[in-house]
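Enquirer: Go by the hints and put chain B onto chain A.
In case you want the letters, here they are:
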Amino acid sequence: MRNHKGNMLLVELTIVLLFFAVSQAIILQVFVKAQEINRDATLRNNALLKIEDTAEMLAASQDAATTLLSLGFVLDEEVYTFHSLDGFQINAALTRLTQPAGVLTSVELAAYQGEKMLFSLPALQYRGGNST
Amino acid sequence: MQRRGMIRSHSIQNVFVFLLIGLFALGSIALAISGSRIYGQVTASAAHNNDSQLLLSYLGNKLRAFDTSDHVIIAEQNGIPTLRLLETLDGTRYVTTLYAFQGAVWERFAAESDGFDPENGTRLVAANALTFSWRQENLMEIAITLNDGTTKTIRAALRTSPGKGAD
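Going line by line, the protein sequences match chains A and B.
36 is the number that numbering that gives the first Met the number 0 gives to position 37 of the first sequence; each next residue is one higher, with no gaps.
116 is the number that numbering that gives the first Met the number 0 gives to position 117 of the second sequence; each next residue is one higher, with no gaps.
Hint data in this document are derived by calculation from the structure and do not stem from the laboratory.
Note that the Cβ used here is the ideal one computed from N, Cα and C, for glycine as well.
Check before you lean on any hint, since a few could be wrong.
20 Å max Cα-Cα, derived EDC-like pairs, lysine to aspartate or glutamate [claimed, not checked]:
id, chain 1, residue 1, chain 2, residue 2
1, A, Lys49, B, Asp50
2, B, Lys151, A, Glu55
3, B, Lys61, A, Asp62
Covered stretches of chain A, going by a simulated chain B footprint (3 or more residues, C-beta under 8 Å) [stated by the list, open to error]:
id, stretch
4, 16-29
5, 47-53
6, 56-68
Looking at chain A on its own, in the form it has when it is part of the complex (with noise of 0.2 Å):
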């Protein structure tokens, strides 16, 4: 009778105790989940200065292709690609429309993280004259 008493009392204690165990599981995974949350809002908020700085960069410039360069981008297949240290990667895609009253050049800047695309931020840029 003692002995079943003290069974029951172990089988109870176990499933109490793995009962918490799952609640400690998931409260890991939701901790886990904020951190992952938190590293991407710090990627996203990196990524928004640099692009931000980028396109005020080209506001100023003279000469896009060679502020874009300059500031750490490559060229690969017609867009300029900036890798980041922090995990993210800003494509900068050039056009220019040339007219006899100037050069227009639009930059379309794209913030990834992977393959996901997190923003873009078009940047515009005209010159007078027949400057490049």
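Expert: Below, chain B alone, put in the same frame as chain A:
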């Protein structure tokens, strides 16, 4: 003999129960420690992101608002690097000064004729240093060192020429 066996089995059960409770206690402690660490990291990082984004957006928008000829000046006052944004209201020249002082970025709005007193301003965001420089004639570089030691730099292209006193 039988009694001896029962006592032995009972003590094994007790040890098993204590082992389970011990395991649970260890798991709980590990979870609490890792949880507090992750919570600390997340809040610190969120605060860092918010501070840097808020400050850079605020400075960028301020610059845009005052982006008229000779209204944006970089100057050093009382040994503090400052950004002076000038405007005229009802015939009086006013200056909005942005600077880092005592571990924070401050903004001070006063008449241009008033002397510069860094303590007589509004505290905006915690930051260790704030420096301004002209990278090109109309391209300003703003570097902010936050309290955790990280430095963020943004550049702002002005549509007009910088004011007198610019670096």
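Enquirer: Each hint: holds or not?
Expert: A quick look at each hint next to the structure:
1. A:Lys49 - B:Asp50: Given that 20 Å is the threshold and the Cα spacing comes to 16 Å, the pair holds.
2. B:Lys151 - A:Glu55: 15 Å, holds
3. B:Lys61 - A:Asp62: 27 Å, violated
4. 16-29: Per the Cβ count (6), the hint holds.
5. 47-53: Three-residue rule met by the stretch 47-53 of chain A, so holds; n is 4.
6. 56-68: holds (count 3)
In the structure shown, a violation is registered for the earlier hint numbered 3 alone.
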